[in-house]
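Visitor: So the protein lines, in turn, are chains A and B. Per this note's numbering, the very first residue in the first sequence carries number 92; after that it's consecutive. Per this note's numbering, the very first residue in the second sequence carries number 92; after that it's consecutive.
Derived by calculation from the structure, the hints in this document are not laboratory data. Among the hints, a few may not be true.
[Stated by the list, open to error] Simulated pairs of lysine-lysine, BS3-like, Cα-Cα distance not exceeding 30 Å:
id	chain 1	residue 1	chain 2	residue 2
1	B	Lys131	B	Lys219
2	B	Lys399	B	Lys326
3	A	Lys400	A	Lys217
4	B	Lys219	B	Lys357
5	B	Lys376	B	Lys357
6	A	Lys175	B	Lys217
7	B	Lys219	A	Lys217
8	B	Lys217	A	Lys217
9	A	Lys219	B	Lys217
10	B	Lys376	B	Lys400
11	A	Lys219	A	Lys384
12	B	Lys326	B	Lys127
13	A	Lys219	A	Lys250
14	B	Lys399	A	Lys219
15	A	Lys175	A	Lys327
[Unchecked claim] Some chain B residues near chain A, calculated using beta-carbon distances under 8 Å:
id	residue
16	Ser214
17	Lys217
18	Leu350
19	Thr352
Values in this document were obtained by computation on a predicted structure and should not be read as measured data. From the three backbone atoms N, C-alpha and C, an ideal C-beta is built for every residue, glycine too.
There are 2 protein chains.
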Amino acid sequence: MHSFQELIAQFIQQFDQQRFPDQPSTLYNAASHILKIGGKRIRPVLALMGNELFDTIHADAWQVGNAVELFHNFTLIHDDIMDKAPLRRNNPTVHTLYGEPAAILAGDAMLIYVYEYLNRVQSRYKQKIVSVFNRAAIQVCEGQQLDMDMEAMDPAQVKYDDYVSMIALKTSVLLAASLQMGAIIGGGSEGNQGYLYEFGKNIGIAFQIQDDYLDAFGDPEKFGKQQGGDILANKKTFLLLKALELCNPAQRIRLQQLLDTAPDDKVAQVLELFHDCSIDSWAEKEKERFQQKAFDNLESIAVLSSRKKPLMELADFLLSRQH
Amino acid sequence: MHSFQELIAQFIQQFDQQRFPDQPSTLYNAASHILKIGGKRIRPVLALMGNELFDTIHADAWQVGNAVELFHNFTLIHDDIMDKAPLRRNNPTVHTLYGEPAAILAGDAMLIYVYEYLNRVQSRYKQKIVSVFNRAAIQVCEGQQLDMDMEAMDPAQVKYDDYVSMIALKTSVLLAASLQMGAIIGGGSEGNQGYLYEFGKNIGIAFQIQDDYLDAFGDPEKFGKQQGGDILANKKTFLLLKALELCNPAQRIRLQQLLDTAPDDKVAQVLELFHDCSIDSWAEKEKERFQQKAFDNLESIAVLSSRKKPLMELADFLLSRQH
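Construct the entire structure; sequences and hints are all you get.
Guide: What follows is the structure, encoded as structure tokens:
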């Protein structure tokens with residue numbers, strides 16, 4: 092068994108040796124850029140850990156790892172075009188550096204390479220792996236579309252449960268599928284695959300709630316982002332949508348006014364309103380609720396609990412970031 | 092054995108029954124739009140014909156057909172965004188109707204569905220099919236990038252042979268791979284697969300030369316496009332690049348001037364210059380040269396010549412459009 096830190100280090104070493112062809116350089120420089128600016132490489136490590144939960148790590152899990160990491164980076168390139176984002180991890184986005192056409196095409200080529208990696212896995216479970224992967228990949232696209240659809244809506248029109256479903260599609264199903272694909276390679280039963288999938292999905296949602304919480308209430312020095320960035324951008328978050336649901340009519344009017352205008356102290360005023368509606372403590376409980384679901388899922392998996400330790404540690408690491 | 096017309100009719104009937112999910116409608120309406128505006132459906136029929144050259148058509152060839160037709164339409168959506176094209180087959184392009192974000196995402200989702208179709212083929216040749224498909228798919232992306240790179244160059248800088256290579260990647264390799272995948276399903280040998288692949292590649296290049304020729308010298312009423320559209324747009328074509336190579340220094344200076352300016356009679360002047368350098372007769376010979384290569388490839392395939400008849404007829408149909 093390996094700790095998640097060991098697997099991350101091993102994966103990064105292996106992944107950094109993967110290379111696109113040299114030509115056409117306009118295409119492959121654009122594709123390489125997104126990989127060079129790093130990332131936590133969580134998804135591939137989930138595939139490795141899903142495998143190792145049931146058996147020693149098979150070479151196929153590395154191929155699945157390469158596939159899911161490449162897919163994730165493909166989505167980042169295309170999402171950044173759609174969102175007109177100038178920066179990603181403090182670096183210029185691919186389309187900013189190479190133009191939109193090359194960025195669209197680099198993403199397309201990366202998505203094809205994803206399936207080159209998946210095509211290397213053993214034929215005895217390739218059908219199942221590709222099927223699980225495709226379902227998640229399509230859901231990620233659907234999640235991105237729902238996100239854009241909601242982006243165009245008035246926050247008061249967006250239902251909280253629809254928002255949770257969108258976040259699950261956009262960010263959690265790929266984590267869940269990575270774990271499941273690892274479990275398939277490791278020989279885990281359908282039932283255990285299902286629990287592991289749900290574990291990943293719930294961890295992903297808990298992580299996103301935490302992310303929204305930290306953006307509002309976190310220590311900007313420790314969190315590394317401007318406090319209240321989501322509030323300034325009128326971004327729909329777990330906090331905002333729940334606040335619109337929980338607050339009283341007067342508070343709702345005030346919140347709506349703050350969204351429609353942009354006073355200098357908008358962040359402070361919205362945070363005060365969040366406090367008044369107890370959104371901060373609600374968010375902590377909501378995160379814990381999904382975290383608990385995840386741990387219950389993990390508990391249900393029929394393997395020795397000692398084998399689950401690395402996954403527990405990874406979940407703790409992801410869900411106990413400094414406020 | 093079926094004629095290509097019979098197979099096109101059967102494929103269209105089957106393909107039109109394929110459906111995307113209903114929701115999110117913004118995503119799938121955009122994806123459906125490109126399929127609704129039609130197309131010749133040549134690529135899937137090549138897959139069916141590649142199969143039937145060696146054996147009766149297997150269900151897998153229909154799945155490969157769905158995959159290549161969907162892939163082709165995905166490239167149209169993304170290419171139209173890159174080229175900022177307002178129209179496709181006399182209809183508004185997907186991004187014009189649904190916006191660039193939905194068009195990018197619809198293409199992405201379609202590319203994932205391509206692999207859902209490929210995942211349905213039998214495991215005994217799935218690895219090989221996906222490998223052949225991926226190579227062609229990557230080459231199509233590389234061809235599109237090379238096309239954009241050349242677009243930004245002065246025509247005099249673009250070498251004719253590089254242009255032929257780019258056209259082969261962008262338009263021919265998918266035709267070739269469609270035939271080869273059919274041959275794999277039909278049980279054709281590696282050698283015969285290779286001949287069939289080359290047949291498709293050469294037919295594709297001959298078709299493109301004919302397309303460029305018709306744009307310049309074709310009867311606009313029969314061809315259905317404005318005569319000299321490529322010339323007006325300063326588009327790099329087989330004709331223009333060869334003219335720059337074959338004409339004398341004085342003609343080259345005149346041609347360059349016509350490219351740099353836009354006199355009212357630009358089309359007439361360029362066509363006159365093409366005539367003076369015998370580009371029209373060169374193009375007819377160049378098309379015949381690739382057509383002959385294709386027929387030699389087909390001749391080399393070790394099956395009864397009667398089985399090759401539908402492919403001969405398709406080639407004749409594609410390469411004898413009215414001038």
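Visitor: Now, for every hint given, state plainly whether the structure supports it.
Guide: So, going through the hints one by one against the coordinates:
1. B/Lys131 / B/Lys219: holds (27 Å)
2. B/Lys399 / B/Lys326: violated (36 Å)
3. A/Lys400 / A/Lys217: holds (28 Å)
4. B/Lys219 / B/Lys357: violated (50 Å)
5. B/Lys376 / B/Lys357: Holds, because 25 Å separates the two Cα atoms, which is no more than 30 Å.
6. A/Lys175 / B/Lys217: violated (38 Å)
7. B/Lys219 / A/Lys217: With a Cα-Cα distance of about 13 Å, the restraint between B/Lys219 and A/Lys217 holds, given a limit of 30 Å.
8. B/Lys217 / A/Lys217: At roughly 9 Å apart (the allowed maximum being 30 Å), A/Lys217 and B/Lys217 satisfy the hint.
9. A/Lys219 / B/Lys217: The hint holds at about 13 Å.
10. B/Lys376 / B/Lys400: Cα-Cα ~24 Å, so holds.
11. A/Lys219 / A/Lys384: At roughly 26 Å apart (the allowed maximum being 30 Å), A/Lys384 and A/Lys219 satisfy the hint.
12. B/Lys326 / B/Lys127: holds (28 Å)
13. A/Lys219 / A/Lys250: Answer violated: A/Lys219 to A/Lys250 is near 34 Å, above 30 Å.
14. B/Lys399 / A/Lys219: This hinted pair is violated, its Cα atoms lying about 37 Å apart.
15. A/Lys175 / A/Lys327: holds (17 Å)
16. Ser214: holds (5 Å)
17. Lys217: Given a least distance of 7 Å, the restraint on B/Lys217 holds.
18. Leu350: Check failed: Cβ of B/Leu350 comes no nearer than 23 Å to chain A, outside 8 Å.
19. Thr352: Because about 27 Å separates B/Thr352 from the closest Cβ in chain A, which is outside the 8 Å limit, the hint is violated.
Hints 2, 4, 6, 13, 14, 18 and 19, counting from the list given before, are not met by this structure.
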